[in-house]
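If you read the sequences in order, they're chains A and B.
Residues 0 to 118 in numbering that gives the first Met the number 0 are what the first sequence lists, from first letter to last.
Residues 0 to 143 in numbering that gives the first Met the number 0 are what the second sequence lists, from first letter to last.
Hints are computed from structural coordinates only; laboratory data are not their basis.
In this text, a Cβ means the ideal position worked out from N, Cα and C, and glycines have one as well.
Among these hints, one or two may not hold up.
Said to hold, decoys possible - Ranges of calculated distance between the beta carbons of each label pair, as one might list FRET restraints:
#, chain 1, residue 1, chain 2, residue 2, range
1, B, P72, A, W38, 38 to 46 angstroms
2, A, L91, B, F45, 15 to 23 angstroms
3, B, L94, A, L96, 15 to 23 angstroms
4, A, L91, B, P101, 36 to 44 angstroms
5, B, A42, A, L3, 31 to 39 angstroms
6, A, A112, B, L82, 30 to 38 angstroms
7, A, P45, B, L99, 39 to 47 angstroms
8, B, L54, A, W38, 30 to 38 angstroms
9, A, R93, B, H70, 35 to 43 angstroms
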Amino acid sequence: MSLLVATLWLVNVTLDTAGQLAFKAAASDPHAGDGAARWRHMASRPWIWLGILAYVTHLLSWIAFLSLVDLSQGVLLASINIVVIMLAGRLLFRERLTPLRVGGILLVSAGVAIVGLSG
Amino acid sequence: MKTWRFYLAGFALLLAFDTVVQLSFKLTGQHAFPPEANLAWVARVFGHPWIYVALIGYVGNFFTWMSLLKHAPIGPAFAASHLDVVTVMLASALLFHEALTPMRLLGAGVIMLGIVCLAIAEKGSPQQGTAPSELATLDAMAGE
Numbered sequence: 000m001s002l003l004v005a006t007l008w009l010v011n012v013t014l015d016t017a018g019q020l021a022f023k024a025a026a027s028d029p030h031a032g033d034g035a036a037r038w039r040h041m042a043s044r045p046w047i048w049l050g051i052l053a054y055v056t057h058l059l060s061w062i063a064f065l066s067l068v069d070l071s072q073g074v075l076l077a078s079i080n081i082v083v084i085m086l087a088g089r090l091l092f093r094e095r096l097t098p099l100r101v102g103g104i105l106l107v108s109a110g111v112a113i114v115g116l117s118g
Numbered sequence: 000m001k002t003w004r005f006y007l008a009g010f011a012l013l014l015a016f017d018t019v020v021q022l023s024f025k026l027t028g029q030h031a032f033p034p035e036a037n038l039a040w041v042a043r044v045f046g047h048p049w050i051y052v053a054l055i056g057y058v059g060n061f062f063t064w065m066s067l068l069k070h071a072p073i074g075p076a077f078a079a080s081h082l083d084v085v086t087v088m089l090a091s092a093l094l095f096h097e098a099l100t101p102m103r104l105l106g107a108g109v110i111m112l113g114i115v116c117l118a119i120a121e122k123g124s125p126q127q128g129t130a131p132s133e134l135a136t137l138d139a140m141a142g143e
């Protein structure tokens, strides 16, 4: 993996995670209310806009990444997003990590490492 | 029996959308090659028809996923939505003649095993522990 590919991979994971967390923060605000008022509340706060911004830039970094690696390799390497988002959820939203989840996280990470290290 | 068929058709549609989206992203990337950190590159990306195919596929993916999630249990839904790794790999081998090297196949197998573990974990988790599944939901919406 070249330095540019590795950098784009990291940028890609970071933006995806940031987007997911921003949407999570926007959606789980307990003061948001219901229906149209909920959408107005979300639109008046930065989270949903940060999420959208992260997603748009993620789209571009993903296309740049895919122009440098095989698609089959790219989607496998991107599976690490599942792991990073779960760990971030654990840190920021105090979600539970059961043994089965830890096992799943380790397996996904091992699979990504196999694909990444084999070029 | 009827719901079973509904889920199967729904997930098949979801996989089809996901695969089309990723193939279109790859084609867009190829046409915008080499990547540059400037507006000219962004203009190249959006000046290509495949990016619009990808965006339409995104929308289709979103609505399919949302209607499935209304009823489908999150564990199997999570696993099924990440099966796109397999369909995208097969499609890239067929259409782009990419090599399915032994290491890639091994990596894909280990990743799928991990996804099955996470799916089972979602199924058995109590209510307050289901938040990662919502994130997983958004992740699947992102089509990766």
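- Query: So which of those numbered hints doesn't the model satisfy?
  - Reply: When the structure is compared with the hints, numbers 1, 2, 3, 5, 6, 8 and 9 turn out to be violated.
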